[in-house]
Amino acid sequence: MLSASAIVAVGFVATQTDTDGAEFSGNHLFYALRLIGALLVATAVPLLIDRRARRSSRISQ
Amino acid sequence: MYIGHVGAALAAKRLRASIGLFALLVATYVPDWVDGGLCLAGVHNPEGMLSHSIPAVVLFALAGFAVYALSTRDFTAALIVAGVIVSHVLLDWITGYKPTWPGGPTIGLQLYGHPVADFVVEGLVIVGGGLLYGRTLPPRRRPWIDVSIMLGALLVLQLGIDIAHMMMKSLPKC
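If you read the sequences in order, they're chains A and B.
With our numbering applied, the first sequence closes on residue 61, and no number is skipped along the way.
With our numbering applied, the second sequence closes on residue 174, and no number is skipped along the way.
Hints in this document: simulated from the structure, not taken from any laboratory.
Cβ coordinates follow ideal geometry from the N, Cα and C atoms, glycine included.
Mixed in with the good hints there might be a few duds.
[What the hints assert, rightly or not] Below, a sample of chain A positions facing chain B; criterion: calculated Cβ distance under 10 Å:
#	residue
1	Gly26
2	His28
3	Ala32
4	Leu33
5	Arg34
6	Leu35
[What the hints assert, rightly or not] Chain B stretches covered by chain A per the calculated footprint, using a threshold of three residues with CB under 8 Å from any CB of chain A:
#	stretch
7	2-10
8	23-30
9	34-45
10	83-93
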């Protein structure tokens, strides 16, 4: 099942991907890093608050 | 949807408290992480076809289910992780505009052009998820403090994004 899915995925990616000689402009890099930075913040903020909440709950008990 | 996805992860924590929040947060953003990776690799991903279309998200959900089930042997939890991955595209159809399948229509309410409406919708998802998450926390004297900090931080992040949408004509993802 998974290998069939993988084959379908590879075919799907091959038909959709257009590397275009991979022109990688400064803007492109900025957008990529901005997206990754935003994802890191959106993951780290709730995670740190959760850690703090569970730790302080243990202490206050 | 931006920070609203965290609401889905927080709500899922209520379904199965044994699932680590980190796993749920990664799951809820899988299509966006794929977007980021493809963008960094310089791969052309037309309108998120490789990351946000139905076949792509189904594939990510299957992979997420397999990885979580193999590493924990908890199939119910793995199903929840897969559901969180699928929730990404469902929520994106409310606020964004995403492709369905190759050659298929692009659908969504595209609320990013209406930042106030976007904030209201994302805020509702965040608050709903946050309230459910609050019930997974151990009992303490003032339990509302933890939930308030979580909700406050997430709503401030979302507000920042919606203000950025108001000030800039477009915020290209890649």
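Against the structure, the hints:
1. Interface restraint check for glycine 26 (chain A): the shortest CB-CB distance to chain B comes to about 13 Å, outside 10 Å, so the restraint is violated.
2. At a threshold of 10 Å, the smallest CB-CB gap from histidine 28 (chain A) to chain B is about 7 Å, leaving the interface hint in force.
3. Among the interface hints, the one on alanine 32 (chain A) holds; its C-beta lies about 4 Å from the nearest C-beta in chain B, closer than the 10 Å criterion.
4. With its C-beta approaching chain B no nearer than about 8 Å, leucine 33 (chain A) sits inside the 10 Å limit, and its interface hint holds.
5. Checking arginine 34 (chain A) against chain B by beta carbon gives a least distance of about 9 Å; that is within 10 Å, so the hint holds.
6. Checking leucine 35 (chain A) against chain B: minimum C-beta separation of about 5 Å stays under 10 Å; hint holds.
7. With a threshold of 8 Å between beta carbons, the proposed coverage of the stretch 2-10 of chain B by chain A holds, since 6 of its residues qualify and at least three are required.
8. Proximity of the stretch 23-30 of chain B to chain A, defined as three or more residues with a beta carbon under 8 Å from a beta carbon of that chain, is established by the 3 residues found.
9. Here the stretch 34-45 of chain B counts 8 residues with a CB under 8 Å from a CB of chain A, which clears the bar of 3, and the coverage holds.
10. Given a C-beta distance limit of less than 8 Å, the hint that chain A covers the stretch 83-93 of chain B is violated, as 0 residues qualify and 3 are needed.
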